[in-house]
Each structure stands twice: as C-alpha cells, then as structure tokens.
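A.B. asks: Below, each chain spelled out in residue letters.
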Amino acid sequence: MNFDGTILLIDDEAHIRKFVGLILKQQLGNPTILEAANGQEGIDAYQRESPDLVLLDISMPVMDGLQTLRRLKEIDPDCLVVMLTSMANRQTVEDAQVHGAVNYIRKDTPKEEIARAIAQTVATYFEADASA
Amino acid sequence: MEPSVTAPLSSLRGRKILIVDDDRLNIRILGGILKTEGYVLADASSGEAAIKAYPEIRPDLVLLDVVMPGINGFDTCRALRAEHGEDCAPIIFITAKTASDDIVEGLSAGGLDYLPKPFQAREVLARIRTHLVNRQLVEQQKSLVAQLSKANEAKNKFLGMAAHDLRNPLASIRGLAEFLRDGVVGELTADQVDLVNTIHSASQSMLVMVNELLDVATIESGELKIQVSEQNLSDLVEKSVFLANIEAAKKKTLIEFESAATPVIAHLDPAKIQQVVDNLLSNAVKYSPPGSLVRAVLTCSDSAALLAVRDQGPGIPEGERDKLFKDFGQLSTKPTAGEKSTGLGLAICRKIVDAHRGTIAAENLPEGGCEFRISLPLTT
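So the protein sequences, as listed, match chains F and W.
Going by my numbering, 121 is the number at position 121 of the first sequence; the sequence numbering is gapless.
Here my numbering runs 132 ahead of the position in the second sequence, where the first position is 1.
Next up, chain W with everything else stripped away, as it sits in the complex:
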C-alpha cells in the first residue's frame, strides 16, 4: 500500500492528455504507458494540428515533441500559452536532447518540464502525475477563491440591503422623537423629556452605525464613485468644525480651526470629503478627555491640500497602528464619554481619500495626543 501515490491516482483517472509528435511510434509507446493509469488520450501529429485541436480537446496536460516539421515544439508552446494564458494546460516537452540550452529554452517558452527519450515508464508516470496533481490543486484553489469572492459579494449585498432598510425607520424614530421632545404635539414633563432624549440619542447613534455599514458595503462592492469638482476646502472644513463643535460642547471640548491665509481650492467630492473631515473631528472629540482642545489646521503646498487634526487623547497604542485604517479595526483605546464606535469610520475615510488619490496617516505627538493628516492633490 502506498497511499500517498494511490490517493491522487483515482482522482486523476480520466484526465485528458494530448500527445503531440510527428512520430507515430512515440505516440504509441507513450499511449501504452499512460493507459495503465487510466488517462484519456488524444494526439496530434504537428504543432499546427495541436493548436487547432486544443480548444476542442481541452486537455489537462500536453506532451509536446520539440523537433517536428512545421512549427517546432517551442513555438507551439508559445502559441498555446499566448492563446490560453493562465488557463493553458501544463506543457511537458518530449526531447531526445537533454542539453541544458534546450531545456532552458523549453522552460522559457512556457513549458513546465521535459521527458527525455527513450521513455522510462515510471519516470513518465511520476512526472505527469506531479503536474496533474499541481494543476488540480490550482483549479481547486481558483474555484475556492471564486466561491469566497462570491460569498463576500453576497455579504456586501446583504449588508447593504439590511443597512438600507434599517435606515429609514431609524431616521423616522429619531425625527419623531424630536417632534415629541420639542413639544410639537404637547408639553412633556421633565421625566418624559428625559425618556424621549434617550430614544433620540439611541436612534441617532444607531443611525451613524448603520450608515457606516452601508458605506462599507457600497465601497467594497466597488460602487464608491466620487464626483469631483472645484471646491473651497477652507469653507468645507470650517462648516464641519462648526457642526462638530456643537457635539464637542457637550463634553466641554473645543475645536479650533486654523486655515491657510488664502482659501484652499481643490478638486474633490464635497460630500465625501465632508464625511472624512466630520469623521476625523468627531474621532478627535470622542477620544480626547472632556474639556480638551482639538486643533484642525489646513495648509496648502504647491500640489496638495493638507489637513491635520490634533487631539489630546491617549494616542495610538504601540502595535495597533496596523489596525487603524482597516475595516472593523477597533483599537483598545475607548471613547472617553461612552460614545459608540463601529471601527469602520477610518476605514471609510481611507477609502474615500484613496479614491481622491490622496493619503491619510496618523502619528502620535511628542507632547501627547495624536495627529491625523490627510493630503489631497489640488487637481486630479
């Protein structure tokens, strides 16, 4: 019993081998050897005939003579590889020559191996078996990758649908809670206001999470399309800072904005870049202790706009930097006032910045805190 040899044998039975040789005798000898292991055989008497018959036969392996009338084995090999690319069956040269120059030429033409004449049955079978098993593994791997990418696609589709269907009801819950809170349908007692505020903030943070999931699903499915136009980045950041300060004030944190002397004009997708800036600012507030000062600094070089956001948080823990811009890459650092995090925000930022051909980076500051920097080319 030789399990390591017999195991692949049964699954290789029925594999198709194309023998290309102008010498009928060689085909007969090889055929006799190969039939003992149950391979299915086809043959061609020239390179031209092999190239022509290949698509119909769809062999799992090709045995190819080098010296033939018409185009030789090396050129036949090149032609097959050129036409069928990565999917081309492994090609093994049959050669009486074992001069290393010929072997090298054969390998560089795209052949995987060579069989020296006269044939040794055991060697022929062993070499062919190896290449067929390799090919089988490659095929299995390919189909596995295809299955995985299909599963990933389905996951994204599901994520997108779920997030999308959750979004409207959540937005309504949030909005209706606002109507209640504002007394639009009658005055509430302090206790009632407190409850309604809880509903409001819970639905608000859930909406943020759902939006991030939806963003990731959209981006991953390759549907992130940016619509670039000339924009005043200074105004955009200023607006973000103004809105983020409303939330920051709840933690007694202040965001200061320092803009370049002249407005920074760049080609970008305003809604998407706004999302990035909002995210960096809200992160800075989220991870800085209450009462902190967050600084946003916008500058401009000849070719790029640079925005730095500096917080007073604990910085990025050693060894967790890799996770920072990855999906669900939550760090051990926690928000300082119980805020929520999906670990998706920065991954989304990176993807949006990438789509603008910009860069995003983070660095701990010597004086404490962390600086997030984005750089966006002025023109795309």
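Chain F on its own, in the form it takes in the complex:
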C-alpha cells in the first residue's frame, strides 16, 4: 500500500508514537507523520498542517481524546479521525463514533492487527476515491 499523505499522531505516550509511527511507515510506504503529545498540541498542529488523517489517543492529560475530537470536528467537520484506545472500552469507543470518529485501533494488540486496522481505514477513505 502506498499512501503519501500526512498523518497526525496524537498520543501522550512517546513509545506509542514511536511504535505506531513505525507501523504507519511500514504499512503505508511514505506517509508524512506529525506527532503531538496532547490534545491541545494536536489541535494546533491540525490547524497549522491540515493533515489527511488523525490518529487520536482517548486518554490524555490536558485535553482528552473525546474533547479533542469534538474540537477537531468544530474546526473541520470533514476531518478524518481514528481513535487509539488501549482497553476495549466500549462506551468510550461508542461515544467517539457518535462524535464522528471513523474507526478505532487497540494499541495493545499485536502490530499486525494495528497495521490491518490502519490499512483498512486508508483503503476505505483514500483508495476508494482514487479508484472511483
């Protein structure tokens, strides 16, 4: 899969940004990856860089994932957000979907599983456009 768009990765844990960043590079070829360590930084980066896709952690200090998601949707109703979650917290995931997140990824699953979820999202929202 070759995706050369920009992906904004918002997570307060540096090891997650590194890990998921490597998966993105391996899975998608050559994306530009931007990192933010909390919701506020993420929103600033979004406004500055207009990324194609946002991967957003649910539990973060300063501004949590759901708050960040609502804010991002206010700024850009079309922004494409995938939630990063660690526990299968159905309620939070459902809340995120209600607020317009298109998918969610469990960070604590094997990297193949994370890669599969990312590939699926990119295929749904970008390659469909290209093939249409």
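One should not assume that every hint holds.
Pulled a few chain W residues facing chain F out of the computed Cβ check, cut under 7 angstroms [as the list claims (entries may be wrong)]:
#1 T168
#2 F311
#3 T511
A few chain F residues that don't get close to chain W, going by computed Cβ distances all over 10 angstroms [to be verified]:
#4 H15
#5 I23
#6 D76
No lab work stands behind these hints: they were computed from the structure.
If you're wondering where the values come from, they're calculated on a predicted model, not measured in any experiment.
Idealized CB from N, CA, C, for every residue including glycine.
Take the given structure of chain F and dock chain W to it, following the hints.
C.D. replies: What follows is chain W alone, placed relative to chain F:
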C-alpha cells in the same frame, strides 16, 4: 470481680432501650431496673406510638408488652420487623403469660426473647445484656464485612489501574522488539537477534500475565459484560486451533480439531469465548510433554454446544481439583517447557462460561491426560 460480665457492661452503657407498655407502672419498674446499668430509656404507651416513634428514637433494643389496647405486641413486632428488616433492634416481649403457645407466637412474629412478669431484676438485666451484646457483635461483623469488601474493591481498582498502565508500554516493547528483529531498522547479527528475541518473548509473557490480572480485576468488580450474538462456534474454534498450533509447533505438539458435521451456531460473546478456547488450548499444550497430540472436539446436542479439549499431560493431581477454577489456584503440575502461569486463566474461563450460563469441568482420562469440557447453551 466478674470480668466476663463487667467487660461488656461498660461498652453497653448508653445503649438505648424503648419500653412499650400501656401500663405506666410497668414502665416505671422496668426503667428503675434498667437505669442501674446506665441504659438510656424511651417509652411508648401503645404499639402505634412505638411504630411511629421508632425511627426517631432508633433504639438498640425494644421491650414490648403483648396485651395492649390498639394493635397488640405481636402485630407491633411484625410491623417493626417488616419496616426495618434485618436492621430492626432485637425485640423482647413483656408477658404475664408464659403459656408456650404465646411464646411461640411471639418468637414467630420476630421477637427474640420474652420477659415474664413480675420482673426479676437480675433476670431482666441478664437477658437484655445478652441481646445487646449479640447485637453489638452483629454490628461489628457487619462493619467488618463492609470494610473488607471496600478493601477488596480498592484492591481490584488498584489491580485494574496497574495492569492497565502496564499494558501499553509492554505492548510497545513487544512491538518495537519485533521491528528490530525483523530488520526494519537495519540487519542484526545472530547474537543481536537472539537478545531481541529474548526481549520479545519476555514482554509477550508479561503482557499475557498483565492481561489476566486485568481480566480478574474487571470480572471481580462486576464489570464483566458479555455481548451475545449469533456466532459460528465451529469457525471460532477452528481459528483458535490454527493460532494455537503456531505456538504448539515450537514444542512439536499438534492440535487436532474435530468438528461436528454441521457448523455449531450458538448465542455467545465471540471475543470472550475465543479467550476461553484459546486458554484451554494453550493450557493443553503447556502441560503436555513436547511432541504431544492435543485433541479439540466440538459436538452439539439439542440445547448445548460441547467443546472437549484433551491433553496428554499428567492430569489433575488428586486433592487439587478444588483449586482448578479458582483465582490464583496454581496446581503442583508445572508447564513442560518453562512456560509461565498466573493461575488465573481457568478462573477467568469459568467466570466467562458462567456469564454465558454454561458449565466448565475437567476430568482425568483413564488413558492418561486430562479433558476440559465446556458446555454452552445454544440460546441464552
């Protein structure tokens, strides 16, 4: 000195006793006796008045006359017990009648004892003391149980938080080790690969343990919720067998799957049941010697799906069967290739199967090895 009598006395001082009697003289006599031990007294002149005043007075004990105008003592007793349930103060009947029928009726109405008139001061005090001490013990026990369940709750919360916070970093360590091992950031020497593999397998087994702790914490705090839908159990087991065979191959063990002729369709939570099947298969491999054959057999009756997993391990030691499905119930049996065990896996399985209203059981096989069986109702 009578320590056994004086010891409770000081702590009973100030206990509140409600005397219910239409005869003022009785109240005066009883009051005189009771004041000598420092009890605090309240009185009511009828059953109705007692029922009305009870919540405000909150007595530790009630002395209740049987024959009164208005509702009698037995009915007053029933009304108090109905309204205040288990928390109701002990009720002792005051009665001139000592006919056993009356005593029986009083006890069946919820009274604990009776005081015959005319009053004998020592008897009155002794009986009241006994019931107050009993009540005190019950209260202490209740507060102890409340404290313990609070402590258990805190333990679960802590366990859940700790396990949860450990999980992400562990998953990252495992994943990053995979990137290193696979040469994504440059080729490694054989020695380096060996080290990285060690990091990988250590973080992998730690992740399994942390997940089990988290499961137990979640289940114990009552948050195990299953989301049931119609599922193809045959496919689910087949997928588990396929994945478990990858691990089993490292021990040259093979898992064979024998499915019912037609797919078994049942109402279940696929992720949770998958966890149970994974656990039974990995246990079977873990406790069988290298090079074993593990058999998983799925059958179906009219109302239930049955999965049996047979291993070639040493079986369950006599006398340890009780521990099998309990938290941290590790048996003396050890994994055959140094695998890890928290002793939680089967406890989690049992809780998940219970939540599906199914059963789980284990039995040693006459030909050696052990069979674990789960039975799940087809519809819930």
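A.B. asks: Now tell me, hint by hint, if it's right for this structure.
C.D. replies: How the hints compare with the structure:
Because the smallest distance between the Cβ of T168 of chain W and any Cβ of chain F comes to about 62 angstroms, over 7 angstroms, the interface hint for this residue is violated. Taking 7 angstroms as the C-beta contact cut-off toward chain F, the hint placing F311 of chain W at the interface holds, the least distance being around 5 angstroms. With 7 angstroms as the threshold, the beta carbon of T511 of chain W stays out of range of chain F, its nearest partner Cβ sitting at about 23 angstroms, so the hint is violated. Here H15 of chain F does not stay apart from chain W, with its beta-carbon only about 4 angstroms from theirs, under the 10 angstroms limit.
The non-interface label for I23 of chain F is inconsistent with chain W: the shortest C-beta to C-beta separation is roughly 8 angstroms, within 10 angstroms. Listed as outside the interface, D76 of chain F is consistent with that label: its C-beta sits roughly 28 angstroms from the nearest C-beta of chain W, beyond the 10 angstroms cut-off.
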